[in-house]
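Next come the chains, spelled out residue by residue.
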Amino acid sequence: MSEQTLFKVTIDNITIEVPAGTTILNAARKIGGDVAPPAMCYYSKLEGSGGKCRTCLVEVSKGSEKDPRPMPKLVASCRTTVMDGMEVKNITSDRVIDARNGVVEFLLINHPLDCPVCDQAGECHLQDLSYEHGKAGTRYEFQRRTFKKHDLGDKIQLHMTRCILCYRCVFTADQLTGKREHGVLDRGDHAEIATYIEKNLDNEFIGNVIDVCPVGALTDKTFRFKNRVWFLKPVDAHRDCPTCSGKVTLWNRGDEVYRVTARKDQWGEVEDWICNTCRFDKKQTSDWVIEGPRLIDRHSVIAQGHYAGTVGTHKPTETFEAVHAGRQPKLLMDIHSISEVNQTNITLSKLDRPAHSTDFNHNKD
Amino acid sequence: MSKFNDEQLKEFSRLVARYPEGKQKSALLPVLHLAQDSFGGWLSAETMDYVAEMLQISPIEVYEVATFYSMYNLKPIGKHLFEVCQTGPCMINGSDDIIEYIGTKLGIKPGETTTDGMFTLKTVECLGACGYAPMMQMGKHYREHLTKEKIDAIIDECRKNAAANN
Amino acid sequence: MSAEKMLPQIIKNMGVKLLLDKAHVPGIRFFETYRKEGGYQAVEKALKQMDPASIVEEVKKSGVRGRGGAGFPAGMKWSFIAKPEGVPRHLVCNADESEPGTFKDRYLMEFLPHLLIEGLIISSFALGSNDTYIYIRGEYAWIVDILEQAIDEAKAAGFLGKNILGTGFDCNIYVQRGAGAYICGEETALIESLEGKRGNPRIKPPFPAIEGLWKRPTVVNNVETLAAVVPIINMGGDEYAKIGVGRSTGTKLISACGNINKPGVYEIEMTLSVEEFLYSDEYCGGIANGKRLKACIPGGSSVPILPANLLLKTAKGETRLMNYESLSDGGFATGSMMGSGGFIVLDEDQCIVKNTYTLARFYRHESCGQCSPCREGTGWMEKILKNIDTGKGKMSDIDLLWDIQRKIEGNTICPLGDAAAWPVAAAIRHFRDEFEWHVNHPEEAQKRNYGLAHYADPIHVPA
Numbered sequence: 001m002s003e004q005t006l007f008k009v010t011i012d013n014i015t016i017e018v019p020a021g022t023t024i025l026n027a028a029r030k031i032g033g034d035v036a037p038p039a040m041c042y043y044s045k046l047e048g049s050g051g052k053c054r055t056c057l058v059e060v061s062k063g064s065e066k067d068p069r070p071m072p073k074l075v076a077s078c079r080t081t082v083m084d085g086m087e088v089k090n091i092t093s094d095r096v097i098d099a100r101n102g103v104v105e106f107l108l109i110n111h112p113l114d115c116p117v118c119d120q121a122g123e124c125h126l127q128d129l130s131y132e133h134g135k136a137g138t139r140y141e142f143q144r145r146t147f148k149k150h151d152l153g154d155k156i157q158l159h160m161t162r163c164i165l166c167y168r169c170v171f172t173a174d175q176l177t178g179k180r181e182h183g184v185l186d187r188g189d190h191a192e193i194a195t196y197i198e199k200n201l202d203n204e205f206i207g208n209v210i211d212v213c214p215v216g217a218l219t220d221k222t223f224r225f226k227n228r229v230w231f232l233k234p235v236d237a238h239r240d241c242p243t244c245s246g247k248v249t250l251w252n253r254g255d256e257v258y259r260v261t262a263r264k265d266q267w268g269e270v271e272d273w274i275c276n277t278c279r280f281d282k283k284q285t286s287d288w289v290i291e292g293p294r295l296i297d298r299h300s301v302i303a304q305g306h307y308a309g310t311v312g313t314h315k316p317t318e319t320f321e322a323v324h325a326g327r328q329p330k331l332l333m334d335i336h337s338i339s340e341v342n343q344t345n346i347t348l349s350k351l352d353r354p355a356h357s358t359d360f361n362h363n364k365d
Numbered sequence: 001m002s003k004f005n006d007e008q009l010k011e012f013s014r015l016v017a018r019y020p021e022g023k024q025k026s027a028l029l030p031v032l033h034l035a036q037d038s039f040g041g042w043l044s045a046e047t048m049d050y051v052a053e054m055l056q057i058s059p060i061e062v063y064e065v066a067t068f069y070s071m072y073n074l075k076p077i078g079k080h081l082f083e084v085c086q087t088g089p090c091m092i093n094g095s096d097d098i099i100e101y102i103g104t105k106l107g108i109k110p111g112e113t114t115t116d117g118m119f120t121l122k123t124v125e126c127l128g129a130c131g132y133a134p135m136m137q138m139g140k141h142y143r144e145h146l147t148k149e150k151i152d153a154i155i156d157e158c159r160k161n162a163a164a165n166n
Numbered sequence: 001m002s003a004e005k006m007l008p009q010i011i012k013n014m015g016v017k018l019l020l021d022k023a024h025v026p027g028i029r030f031f032e033t034y035r036k037e038g039g040y041q042a043v044e045k046a047l048k049q050m051d052p053a054s055i056v057e058e059v060k061k062s063g064v065r066g067r068g069g070a071g072f073p074a075g076m077k078w079s080f081i082a083k084p085e086g087v088p089r090h091l092v093c094n095a096d097e098s099e100p101g102t103f104k105d106r107y108l109m110e111f112l113p114h115l116l117i118e119g120l121i122i123s124s125f126a127l128g129s130n131d132t133y134i135y136i137r138g139e140y141a142w143i144v145d146i147l148e149q150a151i152d153e154a155k156a157a158g159f160l161g162k163n164i165l166g167t168g169f170d171c172n173i174y175v176q177r178g179a180g181a182y183i184c185g186e187e188t189a190l191i192e193s194l195e196g197k198r199g200n201p202r203i204k205p206p207f208p209a210i211e212g213l214w215k216r217p218t219v220v221n222n223v224e225t226l227a228a229v230v231p232i233i234n235m236g237g238d239e240y241a242k243i244g245v246g247r248s249t250g251t252k253l254i255s256a257c258g259n260i261n262k263p264g265v266y267e268i269e270m271t272l273s274v275e276e277f278l279y280s281d282e283y284c285g286g287i288a289n290g291k292r293l294k295a296c297i298p299g300g301s302s303v304p305i306l307p308a309n310l311l312l313k314t315a316k317g318e319t320r321l322m323n324y325e326s327l328s329d330g331g332f333a334t335g336s337m338m339g340s341g342g343f344i345v346l347d348e349d350q351c352i353v354k355n356t357y358t359l360a361r362f363y364r365h366e367s368c369g370q371c372s373p374c375r376e377g378t379g380w381m382e383k384i385l386k387n388i389d390t391g392k393g394k395m396s397d398i399d400l401l402w403d404i405q406r407k408i409e410g411n412t413i414c415p416l417g418d419a420a421a422w423p424v425a426a427a428i429r430h431f432r433d434e435f436e437w438h439v440n441h442p443e444e445a446q447k448r449n450y451g452l453a454h455y456a457d458p459i460h461v462p463a
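Line by line, the protein sequences give chains A, B and C.
The first sequence lines up with residues 1 to 365 when you count with the numbering used here.
The second sequence lines up with residues 1 to 166 when you count with the numbering used here.
The third sequence lines up with residues 1 to 463 when you count with the numbering used here.
Possibly wrong hints are sitting among the right ones.
[Said to hold, decoys possible] Straight-line Cα separation of at most 30 Å, DSSO-like style, residue types lysine-lysine; simulated pairs:
1. C/155 - C/17
2. C/197 - B/122
3. B/150 - C/262
4. A/148 - B/10
5. B/109 - A/148
6. A/247 - A/179
7. A/135 - C/392
8. B/122 - B/105
9. A/199 - A/247
[Unchecked claim] For each label pair, taking beta carbons as the anchor points, the in silico distance ranges come out as:
10. A/154 - C/170: 53 to 61 Å
11. A/70 - B/46: 52 to 60 Å
12. C/285 - B/46: 48 to 56 Å
13. C/142 - A/154: 49 to 57 Å
14. A/63 - C/215: 21 to 29 Å
15. B/21 - A/33: 44 to 52 Å
16. A/101 - B/161: 21 to 29 Å
17. C/205 - B/73: 36 to 44 Å
18. B/56 - A/204: 18 to 26 Å
[Said to hold, decoys possible] Short, incomplete list of chain B residues facing chain A, as computed with Cβ under 10 Å:
19. 48
20. 58
21. 63
22. 64
23. 66
24. 67
25. 68
26. 70
27. 142
The hints are simulated quantities; they were obtained by calculation from the structure and are not laboratory data.
Ideal Cβ placement from N, Cα and C applies to all residues, glycine included.
Bound conformation, chain A alone (with noise of 0.2 Å):
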């Protein structure tokens, strides 16, 4: 074998050298850390995936050594492969910082904001996405998109409203399955996901679909309302199975095996397939040999508590009156009226502090 041409790339002012053909997010990647772009659609385990979702959009600075010449536009790093002496801006260029959070906003805007009820809040890429980029106002004041519900079977959940269509389940089908059932219908802002004719899907390897899904667009029906990712306890486990490689991750409480998933790297990506049978039938202590804890990423918002200090500090625009038509919100029970242990002059959800004994009435027994 000849020996591998490599390239020399810059990108935030650090050089790494790549093979030939490397895109710009992988050779971001290598370097690690915030030089890497985030990658909504984008899966280096999926052919043709990625160019769509547009957060890895960077800017080239220079072309390469031959032709220095900058490219006008921002490029989709995910799909922009690297030249010899190339040069990046990503976290170091305000037109980038200035795009993406314009993307991020636009992924927002019919995104429903659902996550205290959406099986996905706490590994959700869309959920740390807007909390690195998003505004804590919303800017879009019209009804949020919806689309008629579909039954995908009763291991997969889909929940269209939550979708950005990133085309990762579509690509997995294709390549894992290779019957696929269900794809991207209509067009524009009204572009689903659906298999058209009600269907469930059933393929062997179906169920990855929910691994590579990057918010809570599809979610595992039998985990579905069970617990809260991060009230679990990750531990890589294996089994033999005779269809795929058996080596999973299980989302413990106790005991009790509440979730199976694939095993994910630091970038969130499946490292070796599972099938529907590890996923959604092997709930059983019992039936896996466990290697020990899984080191997860906590990059998540949650895990890290980035929500302290931020929350409450400052007021988004009411947008309530703006979409209904000036109607205020109706005012269905005022607590101070009704309760006998809180204070008139109180109103405990204003306070800068926990409250005390102090702040509700006493009582006179």
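Chains B and C: place on chain A using the hints.
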């Protein structure tokens, strides 16, 4: 379930023969047109499955395409489909009035079909006839420089033809 | 060259017609008449006396720029095509004409189908395409019949099929109907559609010249560009390049519409002034119903709209001409673009807000939905514009619109994002007071239009 007749099969073969071997999926758009024209002006799930089978592709590939393009009707439509353009150049030449006039005259809103199943009114985006605005597409042809009188005449003509055929 | 020396040349060429010169000959639609009028001589010349490389050279010399909207030099595009051993190459004719205001290709195909077929044969020979496809928008259903008839006639006369004119060159032309999707005018979406898929534009690179239809090297050109190959071969690239001015060589078809006396398709030389095109009886014949000009979108709906006072003269006070350079003089700040040649004229009674709203609705409807800024941004802009138009707008909406379009532009996979952003940006840039009036007078705006206001007032030109 309906299938292509001999004549339609001949057209099907003519369409598929245009592409290299193994690339028969390329014929999907023209074959869907053929199927829509052959089976009542719209594409049912059965029709799309039949097209998939004919082209040896999976049904989802057909659904994906049929739902992407605006000319494929996924629901039954009236005998006559009025597709009135409403984009900029038609709008500045009064397409809004034409749409309203047709709607009032037929008692339907855009997207609806008259109860007798005769007419469907649809608003569409630019059809490339901006110099002849306002205009609409009716089947294979365009009706241009529309006026209220022209609309009256077109509707009368459709009704007369229907009566003659009964 | 001094101005005086250039003048006679311009006068001599005034009104030169290269494409539509025979459009009014009765029966020109049919092979027999077309041939009698000198048709297919360019095919004979190209296939018998020239080789592919020299044809590409002539097209390069002609300087003809892509007539679909982007204006990329066609000869250069041709020279990029990869020629790997044993892999077939394809020419695809883009007849998906869908840009609002544009209907020139339809005119060419409907009335002069053989001109396009002749251009396609020569171009296929130059590029080595044995199977050439015309991708025509689905709504032009009756034109498919016209083109297929022309193809059959040409084949019967030995200009298509096997061993054309005994040269050993085989070529077939097929007409493929789209099915209603503006996005398929974008060349990679067109290729996807031609492969029987959704019209999602591909991520470039690779460019079609390397990996196009069925992963084979492919050139996609607009109808008018390919028709122009006929006069280029007949007269030679150098002669063709003498017509026009600067990098705007040859003639251009303009489809004029809106509030004018004579809407239609005109072939112009690119030395013509906008004023003459708009007001002379030979062309648009002035504004209809004796009204005054308010604004114009000179190159199809996606190019920036210009108020009357920036249309006829540039910001520098120079006469604006109907060509690539002059129409874009001043950049987006005070200029526009030649685009696809869809010339949309708005009179004093037209509402810029409403017009911008219908265009935003168009782009939202036509977004393929693949990438986030376009999928989400176009719908957002449409909703805000609808609010302003119907008297529910806020002053902050105008700045919000500006910010949204700014975040779409340049950040999408294909140019549809830009096409959706530019009309909104230009409308706010030049007609901000009209938007503000709508916000401040929500009820009045439902009853009357803002009118001409100051949009035709001469602008001060700094010395």
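Results for each hint:
Distance check on the hinted pair: residue 155 of chain C and residue 17 of chain C sit about 27 Å apart at the alpha-carbon level, within 30 Å; holds. Restraint check for residue 197 of chain C and residue 122 of chain B: satisfied, since their Cα atoms lie roughly 25 Å apart, inside the 30 Å limit. For the suggested pair residue 150 of chain B and residue 262 of chain C, the alpha carbons sit about 21 Å apart, so the restraint of at most 30 Å is met. Distance hint between residue 148 of chain A and residue 10 of chain B is unfulfilled; the C-alpha atoms sit about 39 Å from each other, more than 30 Å.
At most 30 Å may separate the alpha-carbon atoms for a hinted pair to count; residue 109 of chain B and residue 148 of chain A meet this at roughly 22 Å. Distance hint between residue 247 of chain A and residue 179 of chain A is fulfilled; the C-alpha atoms sit about 24 Å from each other, no more than 30 Å. Our distance criterion of 30 Å between C-alpha atoms is met by residue 135 of chain A and residue 392 of chain C, whose separation comes to about 25 Å. A C-alpha spacing of about 14 Å is found between residue 122 of chain B and residue 105 of chain B, which places the hinted pair at or below 30 Å, so the restraint holds.
Under the criterion of a C-alpha separation no larger than 30 Å, the hint pairing residue 199 of chain A with residue 247 of chain A is consistent with the structure, at around 29 Å. Between residue 154 of chain A and residue 170 of chain C the CB atoms are about 57 Å apart, so this pair conforms to the stated range of 53 to 61 Å. Roughly 55 Å separates the CB atoms of residue 70 of chain A and residue 46 of chain B, a value that falls within the hinted 52 to 60 Å. Evaluation of the 48 to 56 Å hint for residue 285 of chain C and residue 46 of chain B yields a pass: the beta carbon distance comes to about 54 Å.
Under the hint 49 to 57 Å, the C-beta atoms of residue 142 of chain C and residue 154 of chain A, about 51 Å apart, fit the expected range. Between residue 63 of chain A and residue 215 of chain C the Cβ separation comes to about 26 Å, which falls inside the hinted range of 21 to 29 Å. Taking the beta carbon of each, residue 21 of chain B and residue 33 of chain A are about 50 Å apart, inside 44 to 52 Å as hinted. The given range of 21 to 29 Å is broken by residue 101 of chain A and residue 161 of chain B, whose C-beta atoms sit roughly 59 Å from each other.
Checked against the given bound of 36 to 44 Å, the beta carbons of residue 205 of chain C and residue 73 of chain B, roughly 37 Å apart, stay inside it. A C-beta distance of roughly 24 Å is found between residue 56 of chain B and residue 204 of chain A, which places it inside the suggested range of 18 to 26 Å. Hint on residue 48 of chain B holds. Least Cβ distance to chain A is approximately 8 Å, under the 10 Å limit. Taking 10 Å as the C-beta contact cut-off toward chain A, the hint placing residue 58 of chain B at the interface holds, the least distance being around 6 Å.
With its C-beta approaching chain A no nearer than about 4 Å, residue 63 of chain B sits inside the 10 Å limit, and its interface hint holds. Taken as an interface hint, residue 64 of chain B checks out: its beta carbon lies about 5 Å from the nearest beta carbon of chain A, inside 10 Å. At its closest, the beta carbon of residue 66 of chain B sits 9 Å from a beta carbon of chain A; the interface hint therefore holds under the 10 Å criterion. This hint holds: residue 67 of chain B has a C-beta 4 Å from the nearest C-beta of chain A, less than the 10 Å allowed.
A hinted interface residue such as residue 68 of chain B counts as satisfied when its beta carbon comes closer than 10 Å to some beta carbon of chain A; here the least separation is about 5 Å, so the hint holds. About 8 Å separates the beta-carbon of residue 70 of chain B from the nearest beta-carbon of chain A, less than 10 Å, and the hint is met. For residue 142 of chain B, the interface hint is violated, the least distance from its beta-carbon to any beta-carbon of chain A being 24 Å, above 10 Å.
In the structure shown, a violation is registered for the earlier hints numbered 4, 16 and 27, in ascending order.
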